[in-house]
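Asker: Model the placement of chain B on the given structure of chain A, informed by the hints.
Now for the letters of each chain:
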Amino acid sequence: MDNRGHHPNQNSLVSVHNLTFSRGEKKIFDNISLEFERGKITAIMGPSGTGKTTLLKLIGGQLFPQNGNIVVNGRDVHHLKRDELYTLRKRMGMLFQSGALLTGMNVYDNVAFPLREHTHLPESMIRSLVLMKLEAVGLRGARDLMPNELSGGMARRVALARAIALDPMMIMYDEPFTGQDPISMGALVLLIKSLNTTLGLTSIIVSHDVYETAAIADYIYVLSEGKVVGQGTPQEIKESSSEWVQQFMNGAADGPVHFHYPAKEEYMDDLLHCDKSLFSRKRLFGEKPAKRRRYS
Amino acid sequence: MEFFRSLGANTRESFTKLGRGSYFLIGMLAGISSVLVRPNLILKQMHSVGVLSFLIIFISGLFVGMVLGLQGFYILSRFGAEETLGVMVAASLVRELGPVVSALLFAGRAGSALTAEIGLMKATEQLSGMEMMAIDPIKRIISPRFLAGFLSMPLLAALFSAVGIMGGQIVGCGLLGVDDGAYWSQMNAAIDFQKDIINGVIKSLVFGFITTWIALFEGYDAVPTAEGVSRATTRTVVNSAFSILGLDFILTALMFGDN
Numbered sequence: 249m250d251n252r253g254h255h256p257n258q259n260s261l262v263s264v265h266n267l268t269f270s271r272g273e274k275k276i277f278d279n280i281s282l283e284f285e286r287g288k289i290t291a292i293m294g295p296s297g298t299g300k301t302t303l304l305k306l307i308g309g310q311l312f313p314q315n316g317n318i319v320v321n322g323r324d325v326h327h328l329k330r331d332e333l334y335t336l337r338k339r340m341g342m343l344f345q346s347g348a349l350l351t352g353m354n355v356y357d358n359v360a361f362p363l364r365e366h367t368h369l370p371e372s373m374i375r376s377l378v379l380m381k382l383e384a385v386g387l388r389g390a391r392d393l394m395p396n397e398l399s400g401g402m403a404r405r406v407a408l409a410r411a412i413a414l415d416p417m418m419i420m421y422d423e424p425f426t427g428q429d430p431i432s433m434g435a436l437v438l439l440i441k442s443l444n445t446t447l448g449l450t451s452i453i454v455s456h457d458v459y460e461t462a463a464i465a466d467y468i469y470v471l472s473e474g475k476v477v478g479q480g481t482p483q484e485i486k487e488s489s490s491e492w493v494q495q496f497m498n499g500a501a502d503g504p505v506h507f508h509y510p511a512k513e514e515y516m517d518d519l520l521h522c523d524k525s526l527f528s529r530k531r532l533f534g535e536k537p538a539k540r541r542r543y544s
Numbered sequence: 398m399e400f401f402r403s404l405g406a407n408t409r410e411s412f413t414k415l416g417r418g419s420y421f422l423i424g425m426l427a428g429i430s431s432v433l434v435r436p437n438l439i440l441k442q443m444h445s446v447g448v449l450s451f452l453i454i455f456i457s458g459l460f461v462g463m464v465l466g467l468q469g470f471y472i473l474s475r476f477g478a479e480e481t482l483g484v485m486v487a488a489s490l491v492r493e494l495g496p497v498v499s500a501l502l503f504a505g506r507a508g509s510a511l512t513a514e515i516g517l518m519k520a521t522e523q524l525s526g527m528e529m530m531a532i533d534p535i536k537r538i539i540s541p542r543f544l545a546g547f548l549s550m551p552l553l554a555a556l557f558s559a560v561g562i563m564g565g566q567i568v569g570c571g572l573l574g575v576d577d578g579a580y581w582s583q584m585n586a587a588i589d590f591q592k593d594i595i596n597g598v599i600k601s602l603v604f605g606f607i608t609t610w611i612a613l614f615e616g617y618d619a620v621p622t623a624e625g626v627s628r629a630t631t632r633t634v635v636n637s638a639f640s641i642l643g644l645d646f647i648l649t650a651l652m653f654g655d656n
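Sequence lines, in order, name chains A and B. If you're matching positions, the first sequence starts at 249 in the working numbering and goes up one per residue. If you're matching positions, the second sequence starts at 398 in the working numbering and goes up one per residue.
The following block holds chain A by itself, in its conformation from the complex (with noise of 0.2 Å):
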């Protein structure tokens, strides 16, 4: 393992220095930073609920850190004019969990979106580009299907088209492979690899699966509870000494991260310990939050 994480790497696409992060009394990013290398994988891997996705989006500018800062292609996201960030966004494409596909549109209208918006292109170019970035993920001969009308690896692979669409330095997924059948999550695996060499793209991966992961990322880093747990080459992540990122990395049930959420009281006093008032009346038949109460 190096300490790359630490010191500004003159190669990176992306740096996280220092961030912390914050909802309401809960830390999410406790002082972490990272790095993402040009033209490289990098993965941040997780279980769910350690704010992977917030990392993205702090990463893209639409959430903002308490303390620390992201750089960007030279540039302090959080320190940019509106303007300039939507400059920069052009050049950052994001490929969301949902895929977030207008679904008001056809596939080849989705595609062609960002084209329309940004560009003033006649038609006929815009045409043979869409054409191109869905011919890329396979998806040519499905371009007047509406959203509704495809499977959740082909809605990613749109969404994936349209993130290529503007050309853009890097693309973030957002859990790429989870809820994907094995064909599909092949077939991704495939596209993110093959689109990061062809297209000469820094991509940056949050996923917690692991093996499809570690399969294509350069580097991984592991976050838990706010902080990074582990990181290195997949290699130097399998042969890791840390438990935690043994249990993450084989799936264990129970180990640093335990199986059971902590609770008050002993199980066995848990167990006969009967409050009467959980049967009452009250409790059993409609108390409900004060808000329901109104005529809203």
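Worth flagging that the hints you see were computed from the coordinates, not collected in a lab. Careful: at least some of the hints might be erroneous.
[Said to hold, decoys possible] Label-pair restraints from in silico Cβ distances:
#1 V448(B) with D278(A): 49 to 57 Å
#2 P430(A) with S430(B): 44 to 52 Å
#3 D518(A) with P621(B): 30 to 38 Å
#4 N396(A) with V448(B): 19 to 27 Å
#5 G499(A) with P436(B): 17 to 25 Å
#6 D502(A) with A427(B): 51 to 59 Å
[Unchecked claim] In silico SDA-like links for lysine to any residue, alpha-carbon gap of 20 Å or less:
#7 K329(A) with A427(B)
#8 K305(A) with I532(B)
#9 K414(B) with D618(B)
#10 K475(A) with G297(A)
#11 K475(A) with Q495(A)
#12 K329(A) with I423(B)
#13 K475(A) with T302(A)
#14 K329(A) with I532(B)
#15 K329(A) with D618(B)
All values reported here derive from a predicted model rather than from experimental measurement. All residues carry an ideal CB built from backbone N, CA and C; glycine is no exception.
Answerer: Below, chain B alone, put in the same frame as chain A:
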């Protein structure tokens, strides 16, 4: 103690929401300039907001007019003043019922649809996705819908009043035997363009503004879950109805208060 605590919390929440709503309004109005250069965006929304509300407005207007003709005839005939039925029907429609009832129907038909659409776009990350594509969802999605609602409302209210007047004529003259010429000529003489029609148009513009704003804001501000969107849709209809009826009172007092 609990009562005061929740009263305080609710008041604070209401004011914060009003603040968010005003901020949203400023953004929405600022986005209008960029929409004006792309009229096809507005036309497309006017179709779904306005044209698709046509049928409900048409049918409701017709029945409201017919009922007005019937009730008006019974009352006016007591004083032997059936000939002024046209004035009664037209004045009540153009001044009050046209703008108010069509706005209420508009809130139920188009307002709720707008809230659900925007709320679902938020829940399915479409708005977020657009932001990441460097496209401002307020400019691209909200402002065109706002303009469409604002412009459709007076047209729908005018349609409502026109159809209502026809309905009154069908019942009054066709069934109850009021003189056709008297119906139209009395109306022509008594209805004032400035006082009645323009004031009615102003009312419907105000209602269109407030209803569309509420609908779009509730959608944009909705909790992005199924329950959140459903609550937001309910709030749109309830809050729009309150605002329309309350504002109608204020506007009527301002417009017709001096006679």
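Asker: Does T302(A) sit within 20 Å of K475(A), going by the straight-line distance between their CA atoms?
Answerer: 14 Å, holds
Asker: Is it true that P430(A) and S430(B) lie within 44 to 52 Å of each other by Cβ?
Answerer: For P430(A) and S430(B) the Cβ distance comes to about 51 Å; the hint holds.
Asker: For the pair we were handed, K305(A) and I532(B), check the Cα-Cα distance against 20 Å.
Answerer: The given pair, whose Cα atoms are some 15 Å apart, holds under the 20 Å limit.
Asker: Mind checking the hinted window 49 to 57 Å against the Cβ distance between V448(B) and D278(A)?
Answerer: Roughly 54 Å apart at Cβ, these two residues keep to the hinted range, so it holds.
Asker: Checking one constraint from the list: CA of K329(A) to CA of I423(B), max 20 Å. Satisfied?
Answerer: Within the cut-off at roughly 18 Å; holds.
Asker: Are the Cα atoms of K414(B) and D618(B) separated by 20 Å or less?
Answerer: Holds, because 9 Å separates the two Cα atoms, which is no more than 20 Å.
Asker: Taken at face value, is the distance from the CA of I532(B) to the CA of K329(A) at most 20 Å?
Answerer: 15 Å, holds
Asker: Please verify whether K475(A) and G297(A) have alpha carbons no more than 20 Å apart.
Answerer: Holds, because 13 Å separates the two Cα atoms, which is no more than 20 Å.
Asker: Is the Cα-Cα distance between K475(A) and Q495(A) 20 Å or less?
Answerer: 16 Å, holds
Asker: For K329(A) and A427(B), compute the direct alpha-carbon distance and say whether it is at most 20 Å.
Answerer: Status holds; Cα separation ~17 Å.
Asker: Using the C-beta atoms of G499(A) and P436(B), is the stated range 17 to 25 Å upheld?
Answerer: With Cβ atoms ~56 Å apart, the hint is violated.
Asker: Given the hint that K329(A) pairs with D618(B), test it: the Cα-Cα distance must not exceed 20 Å.
Answerer: 24 Å, violated
When each numbered hint is compared with the structure, violations occur for hints 5, 15.
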